[in-house]
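Visitor: Working from the sequences, and respecting the hints, build out all of it.
Order-wise, the sequence lines are chains A and B.
Heads up, the first sequence stops at 522 in the working numbering, and the numbers go up one at a time, no gaps.
Heads up, the second sequence stops at 1360 in the working numbering, and the numbers go up one at a time, no gaps.
Just the calculated beta-carbon pair ranges, DEER-fashion:
| id | chain 1 | residue 1 | chain 2 | residue 2 | range |
| --- | --- | --- | --- | --- | --- |
| 1 | B | Ala1297 | A | Lys327 | 54 to 60 Å |
| 2 | A | Thr150 | B | Asp1318 | 31 to 37 Å |
| 3 | A | Val135 | B | Ala1283 | 27 to 33 Å |
| 4 | B | Pro1272 | A | Lys374 | 54 to 60 Å |
| 5 | A | Pro216 | B | Asp1318 | 40 to 46 Å |
| 6 | B | Asn1213 | A | Pro136 | 25 to 31 Å |
| 7 | A | Lys272 | B | Thr1220 | 42 to 48 Å |
| 8 | B | Glu1306 | A | Glu199 | 39 to 45 Å |
| 9 | B | Ala1344 | A | Asn169 | 39 to 45 Å |
| 10 | B | Gly1330 | A | Ala432 | 45 to 51 Å |
| 11 | A | Ala141 | B | Asp1318 | 18 to 24 Å |
| 12 | A | Asn169 | B | Glu1306 | 48 to 54 Å |
| 13 | B | Asp1318 | A | Pro400 | 44 to 50 Å |
Derived DSS-like pairs: lysine-lysine, alpha-carbon spacing no greater than 25 Å straight-line:
| id | chain 1 | residue 1 | chain 2 | residue 2 |
| --- | --- | --- | --- | --- |
| 14 | A | Lys405 | A | Lys300 |
| 15 | B | Lys1336 | A | Lys206 |
| 16 | A | Lys465 | A | Lys113 |
| 17 | A | Lys255 | B | Lys1234 |
| 18 | A | Lys255 | B | Lys1336 |
Chain B side only, calculated, beta carbon under 7 Å to chain A, not exhaustive:
| id | residue |
| --- | --- |
| 19 | Gln1247 |
| 20 | Ser1254 |
| 21 | Glu1331 |
Quick caveat, the hints were computed from the structure, so don't treat them as lab data.
None of the values given here were measured: they were computed from a predicted structure.
Every residue gets a Cβ at the ideal spot worked out from N, C-alpha and C, and that includes glycine.
Residues per chain, in single letters:
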Amino acid sequence: MTARNLLAASSALALIAGVSTSLAIDYRGGNSAYGDWHVDTPGLMRKIEPGDVAAPLATPSAANRSKVVPKPADAALKTMPGFTVAPFATGLQGARVIRIAPNGDIFLSQSRPGGQITVMRASKDGSKPEMTETFTSGLKDAYGIAFYPPGPNPKWVYIGMEGKVVRLPYKNGDMKATGPAEDIVTDLKIGGGHWTRDVSFSPDGKLMYVAVGSGSNVAAEMSPRPDDLKAWEKAPHSLGSAWGAKEEWRANVLTYTPDGKNKQVYAAGIRNCSGLTVQPGTGTVFCATNERDLLGDNTPPDYVTSVKKGGYYGWPWYYMGNHEDTRPDGGARPDLAGKAIVPDVLFQPHSAPLGLSFNPGGMFPAEWKGDAFVAMHGSWNRSLHTGYKIVRLPFKDNKPTGEYQDFVLGFTAGEENVWGRPVDTQFMRDGSLLFSDDGNGVIYRVTYAKEKVAAK
Amino acid sequence: MRFVWIKGRCAVVWLAMFGIGVCAARAADALDTALETCWSCHGANGAGNDPTVPVIWGQNARYLEKQIRDFSSGDREDQIMSSMASSLRREDISRAAALIAAKPWPGHADTPAAAAPDALAACQGCHGADLSGGDSPEGAAPRLAGQFADYLATAMSGFAGGERANQKTMSAMMKALKPDERAALAKYLAGL
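Guide: Dropping the structure here:
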């Protein structure tokens, strides 16, 4: 980042800081934006530019898998002034995706082990569940949840499982499914460790988006290569579509009609869109993605991006635009040089962003309305841990600025242990933020009170 | 994992310059280096300090080879291990398995359980009388004796719940047991 950019950005931030918090915001661009959990501070703002991406193996590829421990007695989560984080519900093993039904009920997928959908109805003050029921169970790897049709009166709830999408009858207020799961899509590819299938609908209800992550880290087994790549990349595939038994129809956002027909690649080269969210108001598809492993501590950034129809986002041959990866099977793709779209918001590599949601307003500072909040599951392929936190992505005119800010953190307890692994974020109707932790099976709730800031 | 790249170049550059012999020697060193990364999780002395990461030193070679291939192909699911397995070249996998199998099975600190669970007899036919693994009609059966209890419990519930689906007989066997029976087995086996 140039000095001029940095200045411009920090003065824009000073403005935000003046309104929303009494903190002077620490801003890090260029190489200083990189770092591990030791640097994390509530309010810290970062911007990573594609030109700043470290060369492959500038540092060796490390393995430092976190060990999930119960919350240590002296541990506490940290957030920005005026905000409070408290457990909303506990004992939710494998807590993953959270979605709010039109009536405010909280749907949660508990993916592993088993695969079930739990419904919670919050107490009046929103601080805890008053009723908790198992909506349905026995859906292997149940992950994404979407209500259909969009709007106030859904008739079904769609669930993304590793190999398929099913739907169950639903009307507002149901805490238990009133009928069996019906198969809608049955041909999603399985295997390879990327099993999270997020599902969402276009605002007009005509398209169902389904995210299917790659079958491997970087397609080291993909041959034989199609003889005619130009033909291969025509509909239903698209530019940059991978091939072979393992990778065809993967690293994609797919679209179907809501009846599960008319499969198409909507966008390709997205390694694993585990957080697929349609931006309210614009209908733009956003993905949160974990980039590839084994290239060193600071290569390549994970990201959140808006997704264009037909867009190619790089995997496996490129990353962050035109950085080439030589590992994919079947040879280089000079024909794709310069064609990979640079994602909107680049994160510290190995942060492992999973879920994202947009702030509808109502509780958090008014100027944060429309901002995205992302849950980071945290690293294993990095010498020192990073991620394990919730970050805020400022938006301006419905577009991300490219920056991100540490919002809730503190799950790391030393270099090895963590006591939480954030998975998804979702706003309640009162504007408070819920996020899930599949490490210890907790949903947390973040609230905001202006008075508290003034009191500081 | 610098070696992965050096190795890649080895195939191209070294082959052209010095011929196959030199390259093979380099590749052997590279494989040793490749395996160094494994020990950061699986333990520098064969057992890590995280009971959800299995002991692999001294494990049955054919079993190890199958697991590495299964992780790589996606038949066995684990995001980290799938990346790690695919970092090994396909032609190196059986040698890697043999190298790991040749290392000593590490000692362990789990305390022995008092009595063997009833279900244990059913395991010995395939996993061996002393549960140290061996060949079975269903393919290579791994050593269970002295494995971490947490890992064994996860592996067993994975077979039962379908998260692990790379061996059908084991899935059927584990589905037939109740969760507390599986837990008792895991605890007992770890203490052997």
